[in-house]
Amino acid sequence: MSREHRCALLAEAERAELIELADACIADGAQVRVLVGPEVGCVTAQVREPVLEQRFLLGDVLACRAEVELAGHRGWAMRLGDDRAAALAAAVLDAEARSGRPRTAEIDLLCERVAERRERRESQEWAELAPTVVAFEELT
Amino acid sequence: MGYSGARGGLEAILAAEDLVRRKRDHAPAPWSSTEQITTRFRLAVDRVMGEAGLYDEPTAADAFRQAEGDTLEASHLLRAQRSTLPRLAVSEPVDPGEMTVIRRIVPAFREPDGPQLLGRTSDYTGRLLERPDGPPEPAQEDARTGNAERTEEQRSPRRFMDLLRKMELLAEGRTADDPEPHDITRKPARPPADRSAVLAAMARAESGALVALWYRSILGPDGDVHEITLGELRHGRLPLRVRHPHTGNPVTVGEFRVTEAEAIEDLDGADEDRTRFDIGYGLCFGHNERKAIAMANLDIANRRFGRSGPLEQLLLLTIDGLDSGGFLEHLKLPHYVTFRSMVERKQAMRAAAEAGEDPPARAAGPAGKDCR
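Those protein sequences? They're chains C and D, same order as listed.
Each residue of the first sequence is one higher than the one before, counting from 1 in our numbering.
Each residue of the second sequence is one higher than the one before, counting from 1 in our numbering.
It is worth saying that the hints were derived from the structure and are not from the lab.
Remember, predicted model here, so these are calculated numbers, not experimental data.
Each residue gets a CB set at the ideal place from its N, CA and C atoms; glycine is no exception.
Any given hint could turn out to be false.
What the hints assert, rightly or not - Some chain C residues judged to face chain D by a derived CB distance under 10 angstroms, without partners named:
(1) Thr44
(2) Glu49
(3) Arg55
(4) Leu62
(5) Cys64
(6) Gly72
(7) Trp126
As the list claims (entries may be wrong) - Coverage of chain C stretches by chain D, computed from C-beta distances (three or more under 8 angstroms per stretch; other residues unrestricted):
(8) 77 to 83
(9) 129 to 138
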């Protein structure tokens, strides 16, 4: 799993599961240093519109980022919303996975769960949406 | 009359604010939680996010509750909150073609690529008021709750515009340059402005103002909008990506919902290619179809007539709800001194007229010039 893919899945994970696993990561006494944040701010959504393919700034999206150093490895996370604890926990998990420390496999499992949850949510969503597709009848 | 200073009113102001808080927060009704507002008043929440220019449903819901349902006031609160926040990043350019659609209609063409997906809408049914005595019965499980596979064409269908382009029916306006977009939150846009500034201004415009300007452009004196067909309308989710600070690669940090519209314009000007169409583009936060459609229409109208008439100026200077609403609201603040001087001028002129003097030589200014 690439680091970017892992970060994306951790950005989507539930707060409680992130914090529980991050607590487990640092329970062995590994040294943690908070390098950035956790800081709430905005990510400006830049869009390339499809007509003339020109860029414009649509607006800002609330986000929270954090950066930590865990056992000499830097971890970074950004999530939408303003949940500082979740962003900090995600950064700890990124560092843990980067360093190949003992909880790496559990982090991969968490990411798999998040991905499966997303698939399930989307297929449930489509099950609700599909009946609203218009089916035309030809009149002869 | 001379000028005299005055003080007082602070206690009245505090009492007035306290009255708002008590009546709102301790109303004899169950508390409206943030979640309740985001789920039951989703369109109002979306409108507030769009007009504030800040996407976060819980924060917008809190603003909506604090503003007692006044969407403009809620947008004001949200924009004020946004002004306290640092900019963490500018996203990688979002490609709206990546949208996971949850509603997508193509009014211009019966069977486009991909589905005519009505989604969650009451567009096609009668508007009859329901007056329930209480909450409805718990929802029944039905066949629609389950799992279903979705093809890529169903998830992100090809644009109708691409079909027009393939048929060589679309005027080509794309150029090789890629100018940096104008940031209207840092530098106010004034005519003449880049299209990016106009699009950004419309994206966070007050919805009613944008629709009113669109309607004025059809029925009003300007006539900037005519033979327009709505090509496509979408509501869905887009991924937000930033550069990972360690790897330098794009990373998705979440998704946000938008409404997107494309308006097909029949080119008919003497110096236009009358064998082709052109397209206006609209995109705004959340689910706000009226706004996106008006924006798309006004985008193409602005590209055609923005500089030859007042449209660009109107779009840049008059559609922001905080600007217009703020100016209007300020009229409620004390203007005692200003008005007193106006009374004195009237009295002086009357006295001069009664004394048989000529009126003052200074010509009166145009109406409305003094109101700021």
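The hints, checked one at a time:
1. For threonine 44/C, the suggested interface contact is upheld, since its CB lies about 5 angstroms from the closest CB of chain D, less than 10 angstroms.
2. Checking glutamate 49/C against chain D by beta carbon gives a least distance of about 5 angstroms; that is within 10 angstroms, so the hint holds.
3. Below 10 angstroms, beta-carbon pairs count as interface contacts, and arginine 55/C has one with chain D at about 5 angstroms; its hint therefore holds.
4. Taking 10 angstroms as the C-beta cut-off, the interface hint given for leucine 62/C holds, the closest approach to chain D being about 4 angstroms.
5. Interface restraint check: cysteine 64/C against chain D, minimum CB-CB distance 8 angstroms, threshold 10 angstroms, status holds.
6. Given hint, glycine 72/C at the interface with chain D, is violated; its Cβ is 14 angstroms from that chain's nearest Cβ, farther than 10 angstroms.
7. Below 10 angstroms, beta-carbon pairs count as interface contacts, and tryptophan 126/C has one with chain D at about 4 angstroms; its hint therefore holds.
8. By the rule of at least three residues with a Cβ nearer than 8 angstroms to a Cβ of chain D, the coverage given for the region 77 to 83 of chain C holds, with 5 such residues.
9. Only residues whose C-beta sits within less than 8 angstroms of a C-beta in chain D count toward coverage, and the region 129 to 138 of chain C has 7 of them, enough to reach three; the restraint holds.
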